[in-house]
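Participant: Take a look at the letters that make up each chain.
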Amino acid sequence: MGVGIQVDNLNAWYGSNHTLLDINLHIPANQATALIGPSGCGKSTFVRCLNRMHETNPVAKVTGSVRIGEIDIYADASPVEIRRRIGMVFQRPNPFPTMSIYDNVASGLKLNGFRNRRVTDEVVERSLQQAALWDEVKNDLKKKSGASLSGGQQQRLCIARALAVDPEVLLMDEPASALDPVSTAKIEDLIFQLKSQYTIVIVTHNMQQAARVAERTGFFLSGKLVEFDSTHKIFTNPGDKRTEDYITGRFG
Amino acid sequence: MPGPFDTPDPVKQTPPALPPGQEPSAIRKFLLSRGSSALADRGFRWLMIGCALSIFAIVALIATELVMRSQLTIAKFGLKFFFGTAWDPVNGDFGALPFIYGTLVSSAVALVIAVPLAVGVSIFITEMCPKFLRGPLSFLTELLAAIPSVVYGLWAIFVLVPLLREHVNPVLMKLFGWSGLFVEPNFGIGMLAAGVILSIMILPVISSLTREVMTSVPHSQREAVLALGATRWEMIRMGVLRNARIGIVGSIILGLGRALGETMAVTMVIGNRPDIVKNLLAPGYSMASVIANEFSEASDDMYLSALIEIGLALFIVTIIVNALARLLVWAVTRGAPARVN
Ligand SMILES: Nc1ncnc2c1ncn2[C@@H]1O[C@H](COP(=O)(O)OP(=O)(O)O)[C@@H](O)[C@H]1O
Ligand SMILES: [Mg+2]
Numbered sequence: 029m030g031v032g033i034q035v036d037n038l039n040a041w042y043g044s045n046h047t048l049l050d051i052n053l054h055i056p057a058n059q060a061t062a063l064i065g066p067s068g069c070g071k072s073t074f075v076r077c078l079n080r081m082h083e084t085n086p087v088a089k090v091t092g093s094v095r096i097g098e099i100d101i102y103a104d105a106s107p108v109e110i111r112r113r114i115g116m117v118f119q120r121p122n123p124f125p126t127m128s129i130y131d132n133v134a135s136g137l138k139l140n141g142f143r144n145r146r147v148t149d150e151v152v153e154r155s156l157q158q159a160a161l162w163d164e165v166k167n168d169l170k171k172k173s174g175a176s177l178s179g180g181q182q183q184r185l186c187i188a189r190a191l192a193v194d195p196e197v198l199l200m201d202e203p204a205s206a207l208d209p210v211s212t213a214k215i216e217d218l219i220f221q222l223k224s225q226y227t228i229v230i231v232t233h234n235m236q237q238a239a240r241v242a243e244r245t246g247f248f249l250s251g252k253l254v255e256f257d258s259t260h261k262i263f264t265n266p267g268d269k270r271t272e273d274y275i276t277g278r279f280g
Numbered sequence: 080m081p082g083p084f085d086t087p088d089p090v091k092q093t094p095p096a097l098p099p100g101q102e103p104s105a106i107r108k109f110l111l112s113r114g115s116s117a118l119a120d121r122g123f124r125w126l127m128i129g130c131a132l133s134i135f136a137i138v139a140l141i142a143t144e145l146v147m148r149s150q151l152t153i154a155k156f157g158l159k160f161f162f163g164t165a166w167d168p169v170n171g172d173f174g175a176l177p178f179i180y181g182t183l184v185s186s187a188v189a190l191v192i193a194v195p196l197a198v199g200v201s202i203f204i205t206e207m208c209p210k211f212l213r214g215p216l217s218f219l220t221e222l223l224a225a226i227p228s229v230v231y232g233l234w235a236i237f238v239l240v241p242l243l244r245e246h247v248n249p250v251l252m253k254l255f256g257w258s259g260l261f262v263e264p265n266f267g268i269g270m271l272a273a274g275v276i277l278s279i280m281i282l283p284v285i286s287s288l289t290r291e292v293m294t295s296v297p298h299s300q301r302e303a304v305l306a307l308g309a310t311r312w313e314m315i316r317m318g319v320l321r322n323a324r325i326g327i328v329g330s331i332i333l334g335l336g337r338a339l340g341e342t343m344a345v346t347m348v349i350g351n352r353p354d355i356v357k358n359l360l361a362p363g364y365s366m367a368s369v370i371a372n373e374f375s376e377a378s379d380d381m382y383l384s385a386l387i388e389i390g391l392a393l394f395i396v397t398i399i400v401n402a403l404a405r406l407l408v409w410a411v412t413r414g415a416p417a418r419v420n
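In the order they appear, the protein sequences are chains A and B.
In this text, residue positions in the first sequence follow our numbering: the first is 29, and each later residue adds one.
In this text, residue positions in the second sequence follow our numbering: the first is 80, and each later residue adds one.
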């Protein structure tokens with residue numbers, strides 16, 4: 029089951045480049061929340077702050093608080109513990125090329141020392157089914173490498189890998205931007221299926237995608253959260269002129 | 080001015096007609112006047128094939144020469160030469176086994192020490208070390224490769240051997256004496272000293288290559304593992320080492336090649352006695368060392384022939400070891416394709 033995310037006064041830097049300025053928002057549990065905005069406005073940086081991946085960059089800095097469920101992730105826990113509870117799917121599919129499909133999905137379990145073969149088998153099957161990939165790969169689970177799949181399949185494999193550790197939150201940074209329309213549609217269906225069980229945060233360039241999958245939408249511009257509201261309101265009656273300009277394509 | 084390679088192609092098509100009053104530019108004219116270069120291309124291809132074949136030719140030449148020059152012992156001992164343990168130049172009785180044993184064991188000891196060390200150094204340099212230390216540290220490890228082996232030998236005699244004899248060997252004897260690998264006599268020189276000095280010599284070979292392959296593992300692989308909740312060590316194991324393993328094995332093979340053939344430093348500390356004993360503290364001998372030591376004093380033809388056949392044995396052992404290593408790589412990486420990207 030997913031948990032909500034409360035972000036207060038979040039600021040982030042790359043070196044001296046102040047990338048996120050005073051972000052405040054509440055992401056509700058068990059819903060999909062979309063983040064839109066022009067390139068370079070800080071969407072990726074924002075989601076990377078939610079699982080403390082931002083700080084893996086040596087010049088990065090972050091202040092403020094992020095509460096995931098009951099936990100203040102910057103105060104109460106180590107990044108490793110945080111990331112075990114939060115799944116992440118990256119823009120470019122990054123399956124492990126030296127592992128079979130099965131091992132790719134099981135990697136999170138194996139990493140955390142989970143050894144029960146029978147349960148692992150079940151989790152792998154369930155995750156692949158949730159990711160709508162099971163039927164396509166069930167015959168060569170252990171024969172084929174994760175890198176031998178098509179781009180769309182690789183991305184669904186990465187989603188299965190993230191789901192296998194049963195996360196409370198799933199972060200997706202433009203998960204479909206490198207994919208063809210058919211794979212994109214599959215991934216959107218998937219998000220639709222998954223959001224009743226997980227809290228999903230999805231960054232997207234594609235406004236129709238945000239409108240289709242998300243209950244709530246946030247609009248970022250130059251490191252600031254300009255507007256955050258129900259998707260319906262954002263797309264039909266935005267409160268800010270800049271949001272309106274952006275979604276109607278009148279943006280400079 | 081057209082050069083010798085610029086002769087126009089005989090079957091060149093006429094250039095497409097230009098609208099009146101428009102001249103093609105100088106560059107366009109030059110390009111149109113050039114032939115198809117098919118001849119040069121073919122020549123280049125044969126040149127490259129020649130280069131590749133010359134490697135085979137050199138290997139074949141070395142092998143035939145070694146065989147031709149060791150006719151005497153090949154005729155006298157046959158295959159038994161490779162399994163014989165006697166080395167008696169006075170009575171003309173020769174066997175290569177103690178030398179083969181010495182070469183293999185000292186190289187194995189070197190690998191056991193150097194591989195973990197080299198991988199550790201590489202992990203530190205690529206994953207943990209502060210940026211400003213990275214350059215100097217890499218440079219220092221590579222510098223080890225530039226030291227001549229006779230200098231290593233001298234250092235081993237004056238520093239390493241006493242250190243082993245006084246401090247390291249007594250501890251090893253106490254802790255692992257039961258295994259039979261570390262027992263009296265403790266001279267300092269011997270198989271272990273040779274292995275240790277070899278390990279230092281092959282360290283830079285293994286670590287510099289290992290470092291290269293580890294750095295070339297894409298960042299997205301590290302992030303994928305981290306996002307699953309991996310600790311730093313787990314990330315290195317699953318995200319870096321696993322992707323780099325072929326390159327690492329390759330670097331180990333290179334290091335092993337160097338260890339098998341190393342002559343000078345080994346001769347200075349291995350003890351130069353053709354015995355086959357389990358005890359690593361006892362003196363031994365290696366193929367390269369015996370050739371270097373005894374070639375100048377080989378008085379009769381049989382002795383000379385035996386030494387050259389030792390060279391042949393070294394050649395064969397090197398080939399077999401390399402083949403086995405390649406087989407290992409193949410066995411490990413069968414199934415899942417191992418390349419990143
Ligand atoms: N690794 C990095 N190092 C330095 N600056 C970065 C890095 N990644 C992003 N930035 C900067 O941070 C800002 C926000 O980037 P990002 O969060 O990737 O935007 P988005 O995902 O919305 O396109 C940009 O100005 C970009 O130049
Ligand atoms: Mg981005």
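One thing to keep in mind: the hints can contain errors.
Unchecked claim - Reference excerpt, derived from the structure (chain A facing chain B, CB under 7 Å, subset only):
#1 Leu-49
#2 Arg-112
#3 Thr-126
If you are wondering where the hints come from, they were derived from the structure by calculation, not from laboratory data.
Ideal Cβ positions, reconstructed from N, Cα and C, are used throughout, including at glycine.
Participant: All hints are to be evaluated individually against the structure, with a verdict given for each.
Facilitator: Hint-by-hint comparison with the structure:
1. Leu-49: Constraint on A:Leu-49 not satisfied, violated at 25 Å.
2. Arg-112: Since chain B brings a Cβ to about 3 Å from A:Arg-112, closer than 7 Å, the hint holds.
3. Thr-126: This hint holds: A:Thr-126 lies near chain B, its Cβ roughly 5 Å from the closest one there, short of 7 Å.
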